[in-house]
Structure formats: structure tokens, C-alpha cells
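Chain residues, written in single-letter form:
Number of protein chains: 2
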Amino acid sequence: MTRWDDLSSDETAMLQTVFWSAGASRLALADRMACSKSKANSLVASLIDQGLLKETGLQGSTGGRRPETVHLSERLGVLIGADLGATSLEVAILRPDMGLLARHAETADVRAGPGVVLARVRVLMRELLTRCGATDKQVIGIGLGVPGPVDFESGQLVNPPLMPDWDSFSIRDYLREDYAAPVFVDNDVNLMALGELWRLQRSLQNFLVVKVGTGIGCGIVCHGEIYRGANGSAGDVGHICVDTEGQRCHCGNLGCVEAMAAGPAISRMATLAANGGQSAVLAACLRTNGAITPEDVAQAGRNGDAAANGIIQRSGSLIGQMLASVVNFFNPSHVFIGGGITRIGPLFLSSVRQSVYQRSLALSTRHLEIQYTPLAAQGGLVGAGVLAMQETLRRRGRVTA
Amino acid sequence: MTRWDDLSSDETAMLQTVFWSAGASRLALADRMACSKSKANSLVASLIDQGLLKETGLQGSTGGRRPETVHLSERLGVLIGADLGATSLEVAILRPDMGLLARHAETADVRAGPGVVLARVRVLMRELLTRCGATDKQVIGIGLGVPGPVDFESGQLVNPPLMPDWDSFSIRDYLREDYAAPVFVDNDVNLMALGELWRLQRSLQNFLVVKVGTGIGCGIVCHGEIYRGANGSAGDVGHICVDTEGQRCHCGNLGCVEAMAAGPAISRMATLAANGGQSAVLAACLRTNGAITPEDVAQAGRNGDAAANGIIQRSGSLIGQMLASVVNFFNPSHVFIGGGITRIGPLFLSSVRQSVYQRSLALSTRHLEIQYTPLAAQGGLVGAGVLAMQETLRRRGRVTA
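Residue numbers (this note's numbering), protein chains in the order written: chain P, 1 to 401; chain V, 1 to 401.
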């Protein structure tokens, strides 16, 4: 196995640089580490000898000799990523370069409490490892996303509104029984932001990732790092008010954007439209299934149902109104929107954009890009893998420094 | 004069550490620089020899020997700070430890354009230098705050709504004719935040400074640094919507907090109250002066006028409603409120607090402190001085590194 403990701090720094470069030439690595090419060469050579880095062969038949690119070696070990949503869970085994080796997703109810949910996560981790032919001892780090505010140092949830039974529960201690590898926990949307930051190789320094599903949350990248705030609750945008006389939210206030525009609000508006005779399609759906999901609204919208499209536009517009405040305050270069609701279609995104551009200042939006998250449905798992790899390397860096 | 160009990068780093410590023992300096005590001792000794640092004598007659504290020496030179508001300007000469040597404030109209306003600033700089017995050559850095968004690298205003004639004007080139020292320009509320960050010796990492005057702006400290956003417009909270059917703002949107709650809105509400027979005091003020200022409203409020107090509460409550959104998003540890309107009294602050605590999530506000800015009316000038000193040292650090 990997001789982690023999690594110098320079070697650990090189592994971190390679990880964040997602494949780079020695020259590019020297540049990113701000060291000489000869030093980078000798670090890479030593790490290849130790089996921690590998290089791809000469590429490119288009003429000219392209430099070899250096990658993390699969001989480092594997990572486990898990992404717990309010109503779903996903577990994956990843290579050190974030390639997915195995993955499983299923519905779950996070309110069932940590005992039930984590027992299932533990079984899935074991099954997926077996499927990859990997052992416990090959696991070098575990990353876990949860749908609530997390105290990052302790890895514990703090006052999570959707999952009260998890308050102060130590996920880290629970998984420590199975694995020697370190366990890191963060809020799910922070992990989506971390995944995008890695995908971008930190080329953007200040951007937001907004997740719209059962609730609404926001991951913040500030000065090239995830920003968690004074108590770990930064990005809790679901309770920003968009209508002082709007719907009452479970938090007790009126007109929170989450209560007005997230998944349950879309279902509620659709049920009203069905019962109010505004949409035969939605009414038929309600009769057949007893409920209308956001996916049903999306389907009706794609088929040209005016009421469904009105609901999608209203949701996008309210979320855009909330984002306009956030954009005025934070002036990000990009806002990436992800989560289940994004599958509702392009009309949603255009409504968000229209609302933001109308309400934000010209200067804040001059170069602002609003897009769906490029990692899409993989964002949470990749983010969990990046967390595991980054924090494991950081910890090794401290140990050996 | 100071032999800046002979400084080693370690010596420059020590000067920066002393500056941000505002007087510290050698032991504390070693700790903050993460170097050995002997290295810190030798750097301090060398810099004292060069006349760039000084130490205070033994303090404390309460028994026990207190360690000497090390400060920046006045032999380094002087700094010039200037703070341009929408309706005022202030210029000061400061010592390297931010002690005020001379200061002048007067009313001004920033809309008169850079030619008129900066000509006056230039005259005041010269007069104040003379008053201190200092020369051009002793000026080591100049810091300037302006009431609009600034591109920090170029030092130019970008699309400033209050001062269109200043768009892309180079304040730096204008002052370069008079002084060899570098000139740094930033948004006025960023400078207030920088001043508070210096006063706190960076002991708080994530906080906001909100300025309420003619407009409303916000300085953001994130990970211990001023955060300016992708285009330099971060903190532009004045156009966050607090009432979708509210007053029309000069930006074209309805219900911007600036249009509803800043100085001119307070005067407008007071005029309505006076004309509507709700306040004999405000009506008398309007008859006598032809207009009602926020100070008049404050005075009436202190004398128990119910209408005036209602206006103050409404303004505080709307600003608190905007801050609730910002606090949910950013989860700062502290919000400091400054600017002219803060002189309106304690009722204003309590209304802001009540509105934030009511609308923000419990976790975001669990340890949140909302206070008036500790530096109060000195904030802008101290911030301008800190900008000048910090950036001058940083630039020297680059030159000598």
C-alpha cells in the first residue's frame, strides 16, 4: 500500500497540485507550484517511482510532440463519496482522479434518522467496494454530503431543519468503526460547489451554486475557496423573503423563497391549477396518481400546457428575485443552478435569468453568467469525492510537514 | 529618509505584521509571523536601527515587568487619507500607526465632477501637510475612498450611479503630478470595513460594514480580506428589493431599500408627515427651513415626537429586512452599521436588530452581533490610511522580494 507517511511536504504539495489540475504537463505543474522545472521534474519522478503518480503516453497524431500529462495513480487507493438528500441517497466509489468506479442511487427519507439512513449507507459502501474488487484498506478517504448546516471542523450537523434527529450526531464516529480512512462531512450544496471548483481547476474565483429541490440552498466560492460563514450556515438562501405577504414557511416567516418556489410549492400550485379547472392535463394526473410532482408539471409544460408553464415561470421568477438580492450583494462571475428542479426544463432557467437581469444592477450583471451546473446530477458525488481527496491530502500535508 | 529599497522581504513582512498588530511584543510578533523568537528579535533590532520601528518604554507600575511593545516609527513618513462622500469630503494626514496628525472636513457635491472636487482635495492635502510641518517627499502612500464602485487594480470608478462624470477618470494620474507616493482608490464602505478590520487586528474573519447615508452600501470581509466581487461591485445592497410595490428608485426598479429607507427617504417621509398634520414639530421645521433633514427627524424623535419615531423605526425595519437576506446568505459574525444616519439614535439600531432577528434563521443569528461601527465618524479616514499603508508595504514587499 501507499507509503503516505514517508512523503515530504513538497511531495504532498505536488499531489495536491496534480489533483487540482486534473492532468497536466510537468511544465504546467512547475508553474502552478511556483517552483523550478527541475524541481517539479524530480518530484514527479519520485512520486511515479512510488506509484502515486502516473503519466499518459505521448498523445496527438496531429503533428508536433505533445507533452505527457501527469495524473494521480489508481495505486493511491479509492475514495468513497456519499450524497444524502432529503428524499434520496447516493453512494459511489471513485478513483483519485474522480473517475466513477461504481455508483448506486435510491430513494430514502432522511427524516428516518441517522440510525436507519447510515445503516443503509454502510451496506451500500460495502457492496460497491466489493463490486469494484476493492478492500476496506484501500479506502483513503470518505466524503459525505448532507442536506443541512454542518459544523465543518466537528463534521456534525447543527440544528438541521429538515432532519432534527441528526442534530450533533457524529457521522464520523459511526463510520470510523468500518474504515480507518478519515471521514469528512459537509453541506450537500457546498459539495456541489466544491465539485464545480475542482472541475474548473479553480479558474473561477467567485461563484455560486444554487440547488433547488425540496429546499433551496446555495454554495459560495469566495477567493477560490468554499465559504461556510461564521456558523457554517452561509448560503442558506431558502428563507430569503420574496413576498412579505406570501405563503407561510415551516420556519414561521411569510414569503420565504423556499416556501414559494421549491418542489413542494410547485406541486401545490399544480394541485390548485388542477382543482381550479385551469389544466385538464394536471387534473388528470392528480386523479390518476393522487398527487402532482414537479416532474409531472415539467412533462405537462413540455406538452404545451399553459398552466404548467405558468407555474414553472413563476417558480423561476421568484428564485431569480431572490438571486437578484444575492447577486447585488456578492457580485459573482457565475451562478450555476442544480438540483432536481432543474430537470423541469429551459423555461425555468430563462425565467430565472430574466428576473435576475431585471432586478440586479447593470454592473453586477455585466459579465454574469447564469447556467445549469455543468456536473449536473454527478455534482454531489464528485463534490464528496473532491472533499475526501482534498482533505485527506491536506491532513497528510500537515502530518508530514 | 527611509531606505525602503534596501529592505529584505522578511523585514517588509515584519513591518506589515507590526502594522496589523497596532503595537505588540516581540514574542507576539514572532508568533504572528510564525518564525522563531530569535529571528523576530533580530528583524526588530535591524528595523529599529534603520529608524522604521520604535519601541515604547517599560509600561505598567502594577508590578511585574511588562514586555516592551513595538510600533511603526513616525520616521517612516506620513500617509494621506481622503474620504469623498456624496455630499462631503474629508482629508487627513496620518502617522504610520494611524494616529491623526491633521484633519479637515467640509461639505462638497461629488456630482460637480472630478476636476472641481479633486482640485479642492489637492489644495487641502497641501494645506494639511504644511500644518503638520511635513513635505511632499515624506508622503509614503495616499488612500482615497469614493462613493461608487471601483475597479481596484486600475483605481478607477466604474459606472458610478451618483457621479457619472467620474466614470473611468484616473484619480491616480491626477495626484501623481503632486506626489511620488503611490495612490490607491477604493469604494468608501470597503474602506470603512478595512479600517474596522485593522482596528480588530484581523481577529474577526467574516463580517459586514453597512453604511447608511444618501445611499446604502456594504463592505464585506471574507476569510479575513476585503471581498470586492467579480466586477468590484460586491456589497451594492442599496438596490435589494424590500417591497415589490414600493417607491420607485433612481435605478428604475420598485422598492429598493435605498429608495425606501436612506436619508432622502427619511426626509420624504418626514415631509409627508408634516404636510399630513401628523407632527407639529416636523411641520414647524418644514416652515422654518423649507426642508426636513434626517438630523431634524432625529431631534424631533429625541423630543418624543411620535411621527418622527415612527419614521426612524420604519427606516431601521426596512434596512433590517434587507440585512436579513444578506445574513441568511453570508452568515457573518458581526454587522457594523455606520454612516450619517446612525446619528439618528438608538431607536434606529434596535429596529434594525428586531427586523433581522425576526427574519433570519436561528442558526445565522445565534452569535450574530449588530452594532454601530466602533470607529464611527473616523472610519472612512482610518480606512483610507490603512489602505495607503497596507498597499504601500505590499508593493514594497513585491519590489524587494
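Among the hints, erroneous ones may be present.
Identical chains blur together in the list; that is why a pair holds if it fits in one copy or across any two.
Within a straight-line C-alpha distance of at most 25 Å, the following computed SDA-like cross-link-like pairs (lysine to any residue) qualify [said to hold, decoys possible]:
(1) K37 <-> G340
(2) K39 <-> N159
(3) K39 <-> D10
(4) K37 <-> I48
(5) K54 <-> S333
(6) K37 <-> S9
Honestly, the hints are just simulated from the structure, not real lab data.
Open item on the list: I want to check one pair: K37 and I48. Are their C-alpha atoms no more than 25 Å apart within a copy, between two copies, both, or neither?
Closed with: within (16 Å within a copy, 40 Å between copies)
Open item on the list: If the cut is 25 Å between Cα atoms, do K39 and N159 qualify within a copy, between copies, both or neither?
Closed with: neither (48 Å within a copy, 46 Å between copies)
Open item on the list: For K37 and S9, with the copy left unspecified, which applies at a CA distance of at most 25 Å: within, between, both, or neither?
Closed with: Classified as both: same-chain Cα gap 18 Å, cross-chain 24 Å, threshold 25 Å.
Task: Homo-oligomer pair classification [D10, K39; C-alpha up to 25 Å] - done: both (10 Å within a copy, 24 Å between copies)
TODO: Classify it for me, K54 with S333: is the Cα-Cα distance of at most 25 Å met within a copy, between copies, both or neither?
DONE: Neither way: K54 and S333 sit 34 Å apart in one copy and 45 Å across, limit 25 Å.
Task: Alpha-carbon proximity between K37 and G340, which holds within one copy, between copies, both or neither at 25 Å - done: Neither: 45 Å inside a chain and 56 Å across chains, both beyond 25 Å.
Violated hints for the displayed structure, listed by number in ascending order: 1, 2, 5.
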